[in-house]
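Sequences and hints are given; from them, build the entire structure.
Residues -20 to -1, 1 to 55 (mature numbering (1 follows the signal peptide of the UniProt record, and there is no 0)) make up the sequence shown, in order.
For the record, the hints were derived by calculation from the structure and aren't laboratory data.
Take these hints with a grain of salt, some might be off.
Stated by the list, open to error - Label pairs and their in silico Cβ distance ranges:
{"no.": "1", "residue 1": "Leu48", "residue 2": "Ala(-14)", "range": "18 to 24 Å"}
{"no.": "2", "residue 1": "Ala(-19)", "residue 2": "Glu9", "range": "44 to 50 Å"}
{"no.": "3", "residue 1": "Leu8", "residue 2": "Gly42", "range": "43 to 49 Å"}
{"no.": "4", "residue 1": "Leu1", "residue 2": "Gly42", "range": "32 to 38 Å"}
{"no.": "5", "residue 1": "Tyr20", "residue 2": "Met(-20)", "range": "37 to 43 Å"}
Cβ atoms here follow ideal geometry from the backbone N, Cα and C, with glycine treated the same way.
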Amino acid sequence: MAKAVKAALVLLPLLGLTNLLNMLDAPLEKSPLKFALWSYSTHLLSSTQGLILAFLYCFRNGEFKCILQIWKTGY
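This is the structure in structure tokens:
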């Protein structure tokens, strides 16, 4: 149960922030700099969600590190 709560506490801000930025109206009438910041941050977060989740849950996993170490040493 504690692992599920920990996972939810990590996932909710990560996924929620991206969805929140996507739901906001694009600042089209404001300065080009504000639109560029909004656009790049939205696309960056949307594009890297999978990589961030893979790093948090797969690449930091002890079993994965063990397999990677075996692969590095050449079996």
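Results for each hint:
1. Leu48 <-> Ala(-14): 18 to 24 Å: holds, 22 Å
2. Ala(-19) <-> Glu9: 44 to 50 Å: Holds - the Cβ-Cβ distance for Ala(-19) and Glu9, about 47 Å, lies within 44 to 50 Å.
3. Leu8 <-> Gly42: 43 to 49 Å: holds, 48 Å
4. Leu1 <-> Gly42: 32 to 38 Å: With Cβ atoms ~33 Å apart, the hint holds.
5. Tyr20 <-> Met(-20): 37 to 43 Å: holds, 39 Å
Hint check: no violations occur; every hint is consistent with the structure.
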